[in-house]
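2 protein chains.
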Amino acid sequence: MAFAQQPAPVLSPEVHPDGRVTFRLRDPNAKKVTVSLEGGKEPLAMQKDESGVWSITTGALAPDLYGYSFDADGLHLLDPSNTEIKPNLLQLSNVVHVPGSSPSPWDVTDIPHGLVHRHSYHSSIVGDNRDFYVYTPPGYDSTADTRYPVLYLLHGYSDDASGWTQVGKANLILDSLISEGKARPMIIVMPLGYGAPEIVHPAAGAPPPFSNHDLRERNFDRFRQALLDEVMPVVEKSYKVDTDHDSRAIAGLSMGGAESLLTGLNHPEKFAYIGAFSAGGLGEDFATQFPQLKTTSHAGLHLLWIACGTEDRLITPNRQVIGWLKNQDLQVTPIETPGMHTWMVWRRNLAAFAPLLFRAADSTSASK
Amino acid sequence: MAFAQQPAPVLSPEVHPDGRVTFRLRDPNAKKVTVSLEGGKEPLAMQKDESGVWSITTGALAPDLYGYSFDADGLHLLDPSNTEIKPNLLQLSNVVHVPGSSPSPWDVTDIPHGLVHRHSYHSSIVGDNRDFYVYTPPGYDSTADTRYPVLYLLHGYSDDASGWTQVGKANLILDSLISEGKARPMIIVMPLGYGAPEIVHPAAGAPPPFSNHDLRERNFDRFRQALLDEVMPVVEKSYKVDTDHDSRAIAGLSMGGAESLLTGLNHPEKFAYIGAFSAGGLGEDFATQFPQLKTTSHAGLHLLWIACGTEDRLITPNRQVIGWLKNQDLQVTPIETPGMHTWMVWRRNLAAFAPLLFRAADSTSASK
Chain P
320 MAFAQQPAPV LSPEVHPDGR VTFRLRDPNA KKVTVSLEGG KEPLAMQKDE SGVWSITTGA
380 LAPDLYGYSF DADGLHLLDP SNTEIKPNLL QLSNVVHVPG SSPSPWDVTD IPHGLVHRHS
440 YHSSIVGDNR DFYVYTPPGY DSTADTRYPV LYLLHGYSDD ASGWTQVGKA NLILDSLISE
500 GKARPMIIVM PLGYGAPEIV HPAAGAPPPF SNHDLRERNF DRFRQALLDE VMPVVEKSYK
560 VDTDHDSRAI AGLSMGGAES LLTGLNHPEK FAYIGAFSAG GLGEDFATQF PQLKTTSHAG
620 LHLLWIACGT EDRLITPNRQ VIGWLKNQDL QVTPIETPGM HTWMVWRRNL AAFAPLLFRA
680 ADSTSASK
Chain X
320 MAFAQQPAPV LSPEVHPDGR VTFRLRDPNA KKVTVSLEGG KEPLAMQKDE SGVWSITTGA
380 LAPDLYGYSF DADGLHLLDP SNTEIKPNLL QLSNVVHVPG SSPSPWDVTD IPHGLVHRHS
440 YHSSIVGDNR DFYVYTPPGY DSTADTRYPV LYLLHGYSDD ASGWTQVGKA NLILDSLISE
500 GKARPMIIVM PLGYGAPEIV HPAAGAPPPF SNHDLRERNF DRFRQALLDE VMPVVEKSYK
560 VDTDHDSRAI AGLSMGGAES LLTGLNHPEK FAYIGAFSAG GLGEDFATQF PQLKTTSHAG
620 LHLLWIACGT EDRLITPNRQ VIGWLKNQDL QVTPIETPGM HTWMVWRRNL AAFAPLLFRA
680 ADSTSASK
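These protein sequence lines are chains P and X, in that order.
Every number in the working numbering is 319 more than the matching position in the first sequence, counting from 1.
Every number in the working numbering is 319 more than the matching position in the second sequence, counting from 1.
So that you can see chain P by itself, here it is in the shape it has in the complex:
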């Protein structure tokens, strides 16, 4: 039979009941093959068997979704046996799901699910055609009177607008929190986080564009302008949302964490809840970047939640910005968790942050 003449396909990844994972790659010619696992400090060396299949079995991994990719003699390889991937604008990787004995908030289960709506529009501010995604919670009904608060949720550098749903599972996490009564039903808006899209088009031999200060500033400024002047008006016209500042939150990861702080703290009239997960890309001259802290009251700010993994190299700048913000008489909720600069940290950040939102009646101001 024709299909029997092919070498047997390799099984990869193989997730064992105890959470160990075996990765396999058939590559008889390669001299050295490694697998890089999201959250791992170093790539793991794989061993070749007599049939040319490289493999390695990890120790037991905590239940989660892990990105991974292979490297064979310098060549970046996706796993040909796995069609689950993480979308990304700079480099793709595969995903392996390690299930737990009970579902994690990001697992697909048989509970009521909200919807994810994809909008496409032309941004006059940035000058491109782009998307944003909107999550509406279970039971949302555009023809009913109920209105919802809104979380603007921003992805990181190299993600696209689908990052928080495709990789971050924000929709599943909220479905789960809402189902358990842990978070208020809310709408989540996930825009494209680039005000200067060329920042994700590195050129061969040139310095990384994100290290260009002017480009980064333009990226932040135009992103903020597009969010406030293009995305928010469409959301507030198209969905049943509350539009008072107590009903708006903004949060994001990495570059999106910086954008949340820059947008939120400079628009205290618009956002009462701010979250930054492993924020990155802020300059060091905080006073210049947050001019509104001097001139405008932040008494209406209910939550300023700044989280970072202790093994993330951004822990130091995050501690610095927290210290500076405290010196500006803001009440910061600093969160340090285990972990590196990974989606495992950010999914847990969202699961911890979302329950705190839109509780103004119970909460005190984050501004002293």
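Warning: the hint list may mix true and false statements.
For identical chains, the list gives no copy identity; a pair is met inside one copy or between any two copies.
As the list claims (entries may be wrong) - In silico SDA-like links for lysine to any residue, alpha-carbon gap of 20 Å or less:
#1 K350 - I375
#2 K556 - S443
#3 K360 - L633
#4 K589 - E549
#5 K613 - K645
#6 K613 - V417
#7 K360 - S616
#8 K405 - S481
#9 K350 - H395
#10 K405 - P552
#11 K405 - V417
#12 K559 - K613
#13 K559 - Y459
#14 K350 - D450
#15 K559 - S461
#16 K360 - K589
#17 K559 - P457
#18 K367 - L675
#19 K613 - T376
#20 K556 - T462
If you are wondering where the hints come from, they were derived from the structure by calculation, not from laboratory data.
What you are looking at is a predicted structure, and each value in this text was computed from that prediction instead of being measured.
Since chain P is already given, all that's left is putting chain X on it; use the hints.
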């Protein structure tokens, strides 16, 4: 500088102004590297230069989106320089966009865009958690009185429910047709096409599951049941749709083409327009599969549009089913186009088929 010590990233794919495309892969150790291009008859051999970069430049390609992947000594490789991919449950590939001098209907342009809504639900009929996608046209307003006709649009074997939007660009094609006044504004519903999901889980050394007759039958039956009893009721409750049979169409590609014929022709009370693009997977005993043709009037069928590429190996079975349906006194619109079993054919099929829908006032019955 650290980033200068890495080998320069290779540019791939490079699309030239005349439509030629250069593919490149750095793989110094490989002995033979080929690139398979969607719609190509054979993989193209690539040549290695002294720096270990393999490359080939194609002839001029017609403006389109082309899937491609590399093979290096038997190893299936995605292009590490390209993060555009085609989602697929069996094997991933990259995508290269060859633009034309004027936009194709599937290109992103600055015209009014509809929305794509992702629904997640538990299927009691199939026994899994699954998605379906709904396109609403520009100007759709769930709070207004306007109602829309609905096209149920089905993907092929190995695609997931996102296939028709992510790869087929059905939303962009309809945006374009509607913008030019060529198609009636309509809603498109894109469900997951598997009634027996194990049909997309081939086992090593076993025959391909799609060749298993009983499994294929169960796949078709439960798909149809889930569509009619689970998806359609949610659509008709959640969206402003007309629910008379003149306002419902069903069409699909390959496996989804067979499903469109099986569902549409066996439910003449529900669908007045049927399309099959490169249909595959029908058995040969047509009389058994289409029992309603003998017992029920098909006088209300306005369009039975059956298309196939002339270079598709399914052209013969498609001609056979067309011949048989004509013998059953149905008026078939047979369409033969250039092309193989590819998305280039199916995107053009949709662009040709959608303008014919929901024109009952102008059209005659497809039943003589």
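Comparing the hints with the structure gives:
When the C-alpha separation of K350 and I375 is checked against a cutoff of 20 Å, the pair qualifies only within one copy, where the shortest distance is 15 Å, while the shortest distance between copies is 26 Å. When the C-alpha separation of K556 and S443 is checked against a cutoff of 20 Å, the pair qualifies only within one copy, where the shortest distance is 18 Å, while the shortest distance between copies is 36 Å. In the homo-oligomer, the alpha carbons of K360 and L633 lie at most 20 Å apart inside one protomer (15 Å), although the nearest pairing across protomers, at 50 Å, exceeds that limit. For the identical chains of this complex, K589 and E549 are intra-copy neighbours only, at 15 Å inside a copy versus 41 Å across copies, given an alpha-carbon limit of 20 Å.
For the identical chains of this complex, K613 and K645 are intra-copy neighbours only, at 13 Å inside a copy versus 79 Å across copies, given an alpha-carbon limit of 20 Å. Taking identical chains as interchangeable, the C-alpha atoms of K613 and V417 are never at most 20 Å apart, the minima being 47 Å within one chain and 52 Å between chains. Taking CA atoms no more than 20 Å apart as the test, K360 paired with S616 passes in neither setting, with 43 Å inside one copy and 68 Å between copies. In this assembly of identical chains, the alpha carbons of K405 and S481 lie at most 20 Å apart whether taken from the same copy (10 Å) or from different copies (15 Å).
For a Cα distance limit of 20 Å, the shortest separation of K350 from H395 qualifies both inside one copy, at 14 Å, and across copies, at 17 Å. Proximity of K405 to P552 under the C-alpha cut-off of 20 Å is found in neither arrangement, the shortest distances being 30 Å within a copy and 33 Å between copies. Within a single copy, K405 and V417 get their C-alpha atoms as close as 15 Å, which meets the 20 Å cut-off; across copies the closest is 24 Å, which misses it. Taking the shortest Cα distances, K559 and K613 never come within 20 Å of each other, neither inside one copy (34 Å) nor across copies (50 Å).
Both within a single protomer and between protomers do K559 and Y459 lie at most 20 Å apart by alpha-carbon distance, with minima of 9 Å and 16 Å respectively. Within a single copy, K350 and D450 get their C-alpha atoms no closer than 42 Å, and across copies no closer than 42 Å, so neither meets the 20 Å cut-off. Within a single copy, K559 and S461 get their C-alpha atoms as close as 6 Å, and across copies as close as 12 Å, so both meet the 20 Å cut-off. Taking identical chains as interchangeable, the C-alpha atoms of K360 and K589 are never at most 20 Å apart, the minima being 40 Å within one chain and 58 Å between chains.
In this assembly of identical chains, K559 and P457 lie within 20 Å of each other by CA distance both inside one copy and across copies; the values are 14 Å within and 19 Å between. In the homo-oligomer, the alpha carbons of K367 and L675 never lie at most 20 Å apart, since the shortest distance is 49 Å inside one protomer and 57 Å across protomers. Proximity of K613 to T376 under the C-alpha cut-off of 20 Å is found in neither arrangement, the shortest distances being 55 Å within a copy and 59 Å between copies. Taking the closest pair of Cα atoms, K556 and T462 come within 20 Å of each other both inside a single copy (13 Å) and across two copies (12 Å).
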